[in-house]
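Chemist: Given next are the chains, with one letter for each unit.
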Amino acid sequence: MANAHASTHSTDEKYYIPHESAWPIYGSATLFVLMFGLCGWLNEWYGPWIFAIGAVMLVGLFVGWFAVVIDEHQKGMYNLQVDKSFRMGMMWFIISEVMFFAAFFGALFYARHLSVPWAGGEGVKIFNNLLLWQGSYDAGWPTNGPQALGPRDDGSFETIPAFGLPAINTAILLLSGVTITIAHHALQEGNRRILNIFLAVTFLLGFFFLGLQMWEYSHAYKDLGLQLSTGIYGSTFFMLTGFHGLHVTLGAIMLVVIWFRTMKGHFTPQRHFGFEAVAWYWHFVDVVWLGLFVFVYWV
Amino acid sequence: MANTAAHDATHDAHDHRPQGLKRWLYATNHKDIGTMYLVFACVMFFLGGAMALLIRLELFQPGMQFLDPAFYNSMTTMHALLMIFGAVMPAWTGLANWMVPLQVGAPDMALPRLNNFSFWLLPFAFTLLLLTLFVPGGAPAGGWTLYPPLSLQAGDSFPLTIFAIHLLGISSILGAINVIVTIMNMRAPGMGLLNMSLFCWTWLITAYLLILVMPVLAGAVTMLLTDYFFDTAFFTAAGGGDPVMFQHIFWFFGHPEVYILILPAFGVVSEIIPTFSRKPLFGYESMVYATASIAFLSFIVWAHHMFTVGMPLAGQLFFMLSTMLIAVPTGVKVFNWCATMWKGSISFETPMLFAIAFLFLFTLGGLSGLMLAIVPADFQYHDTYFVVAHFHYVLVPGSVFAIMAAVYYWLPKWSGRMYDEKIGKLHFWMSAIGVNVLFFPQHFLGLAGMPRRIPDYATQFADWNMVSSVGAVIFGFSQLLFVYVIWKAVRSGETAPQRPWEGAHGLEWELPTPAPYHSWDTPPPREVITKGAMH
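Respectively, the protein sequence lines represent chains D and Z.
The first sequence begins at -12 in the working numbering and counts up by one.
The second sequence begins at 30 in the working numbering and counts up by one.
Bound-form chain Z, shown alone (with noise of 0.2 Å):
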């Protein structure tokens, strides 16, 4: 440590650090980056949250009451895009950016131009697509799987949808190349795959997982773009084509996705489990593994989300098993994270509280996966409520509280400031009650039969949707909470520590607090690598 902080010292006299506006614009530090990244998520999220507030406002009661139905179905499209490309993968992007450098001890992301570049296409992204709110015939509003021959409906707003996901497309391409060629090139010396932190494993194996479904993406909605503007017939049945066709390729990149926006979830909660457990992490490898297996499994189980459209038997028996598969190194996972908190010496701070919510939450939704996994089950439940509150129980309470313990671990090493304990805590509480009230009774209303997608339902739905748009409230408004708890931190809170939490081992704790401009821009030396990969 001596020597790091030695060396940080004298290389401060020529840091070469801009200033202003510059420095934002024209960006090609890490840190920099990955805060950019992480803002711009939060805005979306807000954005996002306040369109799915609009959309629990509009199912408060049964009835038509506040939006206009084309304007519904817009705001489920855009929330879930939003949602989807907007905060969380950007959000898992900029956690890269700023911790995967400090992990594998290296000075910056390898290609830190490229990295930039990547960042500010979101911002005009987005712009593409929030513009479709304003363009005559309104946003999309045929779902964010834009499912054909619905997607084809759309107005004016349909090449600005199909230009921001490519937009997106690139810049998460980009970003995962990013993360790639840091990880494999960048490692300090001695560093050796299987000493990494499980962060930058998950991240790697996302990153895979992008460079490979992406392009798919940007393939379908092309084709979707063609048979919209240039007579082509991949999904025109009178033309040989198949609308079916478009919901293969959108689901073989689809549920990969899925996985890109969980994955670094394990990674994070991998690293908080063991800090606050004050033991080695259980089962490192077969953690790795585990992960890798999910991403294998990932390419081969995309039509589980078609078994209604119509498939030949054997299909629908492939995908469910294959589907069930995945509850193996899932299962794994869970156990693993079990057995590390066995036995430990555990304390409840606000990352280790949100870390704990992930393990019951996600599994629950994880387990609802499960049952929609079913072939003749999933026909009862398919585009019912039951699908909705399935993944918001792995997304929110799965990708987003894990994001949230994420920023709460590793705020005091970027800003040198520790967040209030106390709000942190209320805000978990908040959120995890919130977030309950909001999703558990989506369950029974998708089990009795409401369906998705629709601004108005029977009256005998009417106490649940009343009891989930009150969650909703609750949720949404104390996400207020996160912010202003941050904000607090990074303007008075006190000086933390270089390690704040006693039982954490890895590199970014190696480093002094707030982690410098410029870190390892030596490697650092061996005896310090192999006690900060203590598994």
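Pulled out of the complex, with its shape left as it was, chain D reads as follows (with noise of 0.2 Å):
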């Protein structure tokens, strides 16, 4: 009778089951505008107008629909099972972004150990670099291609040495999870002073990386001659890096949102889904970048 099942239920409150909501089509909606718009730009039928709108409404989309979703968590509208489905929702939503990355990593992979070896000749493979390229591909990695792709005309170019900049930043991100830990502790303690310090320190370190970042971004495209377009390399290398860099930005501002409402003095010691997603998404960023650091700048 008593299994693990029926004590994650309170029978006596029921689940919480939102009336019509105007927010959901509002938001396919704003997608819709956002990627029409991006289309058109892309398309060059039209500038960045209706991309921009799309942007405002994505704005308008989050503030809005957070707020009833923080309203009714402050009014106590969620019980105990409720809170699980959004941490159930939160953990499976990061698995999907985690095989968002997987796929750049793939082609990563495949592209060193795979196909540029094989563009070079490799074993039984010889005859693609003799017949294409007349035997002139010195495939290693980092490399740009056969034809030497970017925008040096010598199709040179350099690469970030790992134990520079990137480890700074791997060291900004590690500490970053540190705080946030640290921040999670006196949550669950109810020391509300150190929680708001710590939240902001991670914050703030988290748009420091940011800051790194774009000064490596900036050193690359104007001394290195690593550019999206310099082949392969440049390519693995801006999505990766840059798509990271996209989901540390987001995470940060989702930590600037928490941050107002620990200021507001949202959340308990015992309840505080809210604070926990941010806190895993920030871990999870935090492992993408060590995957980086380990596979794109050091070996």
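Among the hints, erroneous ones may be present.
Have a look at the derived ranges for each label pair, beta carbon to beta carbon [what the hints assert, rightly or not]:
no.: 1; chain 1: D; residue 1: H172; chain 2: Z; residue 2: E556; range: 24 to 32 Å
no.: 2; chain 1: Z; residue 1: V357; chain 2: D; residue 2: V50; range: 37 to 45 Å
no.: 3; chain 1: D; residue 1: I82; chain 2: Z; residue 2: I329; range: 13 to 21 Å
no.: 4; chain 1: Z; residue 1: D492; chain 2: D; residue 2: H100; range: 43 to 51 Å
no.: 5; chain 1: Z; residue 1: S521; chain 2: D; residue 2: I40; range: 41 to 49 Å
no.: 6; chain 1: D; residue 1: K1; chain 2: Z; residue 2: G339; range: 57 to 65 Å
no.: 7; chain 1: D; residue 1: F150; chain 2: Z; residue 2: M400; range: 53 to 61 Å
no.: 8; chain 1: Z; residue 1: F95; chain 2: D; residue 2: W202; range: 58 to 66 Å
no.: 9; chain 1: Z; residue 1: V68; chain 2: D; residue 2: W32; range: 45 to 53 Å
no.: 10; chain 1: Z; residue 1: Y318; chain 2: D; residue 2: V286; range: 52 to 60 Å
no.: 11; chain 1: D; residue 1: H100; chain 2: Z; residue 2: P165; range: 36 to 44 Å
no.: 12; chain 1: Z; residue 1: L476; chain 2: D; residue 2: W36; range: 38 to 46 Å
no.: 13; chain 1: Z; residue 1: F389; chain 2: D; residue 2: H100; range: 43 to 51 Å
Read the hints as simulated data drawn from the structure, not as lab findings.
Just so it is clear, CB atoms sit at the ideal spot from N, CA and C, and this is done for glycine as well.
Assembly of the complex is requested from the two constituent chains, each provided in isolation within its own frame, with the hints serving as guidance.
Modeler: Structure, rendered in structure tokens:
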């Protein structure tokens, strides 16, 4: 009778089912405007204006929809079972994000360990290089391909050494993982002052990371001949670090939102799903960065 | 039961039921959202079907008759995208929306607003995709697989296609999250995972597949987008990239995707065959394990779609053998369905007819899949009409027949009305005959060497193409009967009893008919669960 499953249910209070809401269809329309705007912009039908309208709508979407959820949470409309739904939902969302990055890591590994050596004539593929590139392609890593694509006329480019700025960035993100954990413990112990301070430190570290990333990008573009167009190395480098940077940006914004909420006194030591979801997300971008540091910058 | 009925009566007084357009635009009720998914899928099915009829019209005779070749290629591409992402996947999500909460004893889906967001992304995504028909350069014409470099030669349609796929991916992922959370967190107390209906089980596993592979598709098409607009070199050999890499990433998504299309069908058939055989399902647990095995194997077989593109011998052997392994759990399923019918007291209502046709014709499609798995044989079959015949056998009399079976089976519960059995049977026989006339000759055409995705063909292929086109007309137009039979049932069908099928087991049949707008507001009592979950 008393199994593990039953214990998670509170049969005396009902699972909260929201009544009709305009936000979902507004959200779908927002993404449509955003993407249609981007299509027209890329196709040069018109400027970035429809995309910009979509971006404004997107801000409205997050503010509006989240306001409803925060309000319902503050009113105590979510029982523990609803809380568990949110947790599971966030967990599976993060797993889908992991798989998105997996596609780009897969591209990196495939190029580096299979298709580039094959193009260079490894093993039985010797004719690839001889017939296609007259034996001229010296396939190694990093590479921008047999035709040395990229911004420089001589096709050369330089990479960013791991143990310079990227190592500092690694330290920053790892430190931010520590500070958010300190904040979490403070929240559980009811120490709001430490919570507020360490949460602020966490997102400041996040923005610091982003600043350094932007400095690194501009260095790569201006001085190193390393751009998106620098063959497969530039493609994998910028797409992996770029999407990671985008996720850090999102995570940092989420941290700021949560910080405003903790400043307003939201969350209790027992119930703070919003905080935890953001913390999970922050650890996720942290782990992705470790993968980037090892496989993109280092080895 | 008395318990539930009394419970519903007491709640009618403050039963919140929005009216008018808002009920649909702002929906949070799983039944309303499920209905919208199903109606949307039906519209897309007819739109995609119209495109298929245009293809068969052009192929009715050799020579170029009606369509411009580029438009013909657009039709094959758009037909596939519409049918996969617009018809079959939304139909399954619609069925999950309707049935999962009823079958696990939950008051609704776990995240109702997210649920509506998932649905409303679909019409917007297809607006983007269908707009491509009207932009300079025409709709995408490089095949639904979007292989570069061909797909990168598209005109203005290119970003529209890519972003439509992004929106569809978001919709599927959020829908899948909802299904997982509902099943894992919302089951009535006392309902263990192994008391659950097989439809819920197969959908649960499908949802895991969706979450793991839709983001990979998003990544693949994003790389296409940056190759097209931002000079990246993922798929450009000159820059060290590789067009074959796209195929690997795409099929890492694509192969699990075909199981996403078929696994819920296994669930539906596993509900219907026991009902009309009046016997419990044979081998319930082995069905669950077989489904999980198929899902696992689906991640390690992808390169069997690319044998002819070139890969190391070890790769060919591995992907051939892993593909053949799938026949083992699938064989377990087919055996169990047959064993369920063995010595059963079988009656042949329309859902059962569709389920039996599924059993025969899906198996046939699976066996031609085994032929395709053999590397040297695949060198011969690849990109011929044999492949077209194979995947249409698993998708049309496979997935689509199972969706139709599910609609006939549960329509009385949804609408409170019975459909007209005579028209239902007529629809079945027209469909079953039509689909075989349509697709069986394509096996012969493929084995004789007719390539797919070409609007013209050599004259020796004329006879069977003509037969196939006749089948297409029979199959296509008989689907109007499907709409008619549903419309007629909903408008003026006989009132359905609570349990219209005497052999039916499952929590959904413990509810009144039609299922009340809010059901299982409080979890069903334990004895109802045990009664419902009689395997």
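Chemist: Which of the numbered hints are not met once you compare them with the structure shown?
Modeler: 1, 2, 9, 10, 12
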